Amino acid sequence: MYKIERIQMRKNWNKNPLKDLNVNNIGVGFVSGLLAVTGAPALILEAAANGSFTTVQTILWMFSVYVFGGIFSILIPLYYRIPIVGAHSITGVAFLATVTAHFTYQELIGAYILSGVLIFIVGYLGMFSKLLHYVPKEIIAAMLAGMIMKYMIDFIGSIQKLPLVGGVAVISYFIFSKWNLKIPPIIASIVIAFVFLQLTEPINLSSFSSPFVLPTIQSPDFNLISFLSVALPLALLILSNDAAVGIGAIRQNGYHPPMNSIVTLSGIFSIITSFFGGQSANIGGMMSAICSGEEAGPKEKRYMAAVISGAILLLFGLFSWKLVPVIQAFPREFIALVVGLALLGVFSNSLHTSFANPTIKIGATFSFVIALSNISILNISAPVWSLLIGALIAKYVENYHLPSKEEVVLSRKRKSG
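Those letters in the sequence shown? Residues 1 to 417, by my numbering.
There could be a bad hint or two in this list.
With a straight-line cut-off of 25 angstroms between C-alpha atoms, the simulated BS3-like cross-links for lysine-lysine are [as the list claims (entries may be wrong)]:
no., residue 1, residue 2
1, K150, K161
2, K301, K130
3, K395, K361
Hints were generated in silico from the structure; no laboratory data involved.
If you're wondering where the values come from, they're calculated on a predicted model, not measured in any experiment.
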């Protein structure tokens, strides 16, 4: 099976990839790209504002994650002929929004670099699946849900302050979710919210501009506290919520992606991105799921959907110096609305995963509450304590154990049988 696929991949290298473009993969790639550039930029602005970033630092953050994420999404699918979509971690940004205020800009850059190094080491040494076994997925999901909770509360408040715009956006989200229309609910609801905002409270977007920002390498500052509080949780979130989800989705659609190579490349691209002010450039979970699905057309041509998605990200990043001031011009309530819509699916999935397993509910509950509290003990942030205490409770109080390889194989046989 694998030898046949490698032979087929070599044959595909001799083909002009433009000949593999079709209506299906172009359309799906466009949707994937829009998904990456609609809600996440508002969350980046929120995290940057919490950390009192300058406009230049904010633009560099936006530039780096989308340019290098776009390059990842163009080069890697073209090489492997597999729809491996590059992006940056929205869950990582949601986490960073809770910690940017506690560290200097240079300390954050250093933590981003170390996070990329950790991801690289995990992939290079083939430790990806083993590492995720040490901390139960329920604990990681509970920690993420606790971090996101604040934004969901602000999301409800924004609907109260912008009742017409917020109400229409939420109703649109429900409609597009219920009838499984081809346009993702996030994109539809945000676009409709923008249209209604312009109709009710028009903003002259052309009046907001910023001078061109030349990308420059940022100087890092490394220390143990930022490593424990930022680098370690960020790497875990990227591995569990982006790499694991993306690779799993690609496998479900009949591909055999090089798992360790993808994680290693995510680490390399993240390190490069970090030097220019961004937190990561890695395989995207949701986008890879979209581009590898049947809607993207014939299986051997779906990789071009990832390339199209990457091209959209690349263009967005190159023009970030123009786009950041425009996004900053929107009312704060509208930004909260967009952020909430962008995180709604992540939040609901995290809650479901957290408490779906009754044998680990106490550990998950403590993990959720500690992350929500946003406490800091010994200068170590809440997400770290959330993971540590939740995992300890799961293992030593609830006697939770991860299934062995034999148990996983047996479970799969029972389901298939």
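Hints and how they fare:
1. K150 to K161: holds, 17 angstroms
2. K301 to K130: Given pair K301, K130 is violated - Cα atoms ~32 angstroms apart, limit 25 angstroms.
3. K395 to K361: Measuring from Cα to Cα gives roughly 12 angstroms; hence the hint holds.
Of the numbered hints stated above, the single one contradicted by the structure is hint 2.
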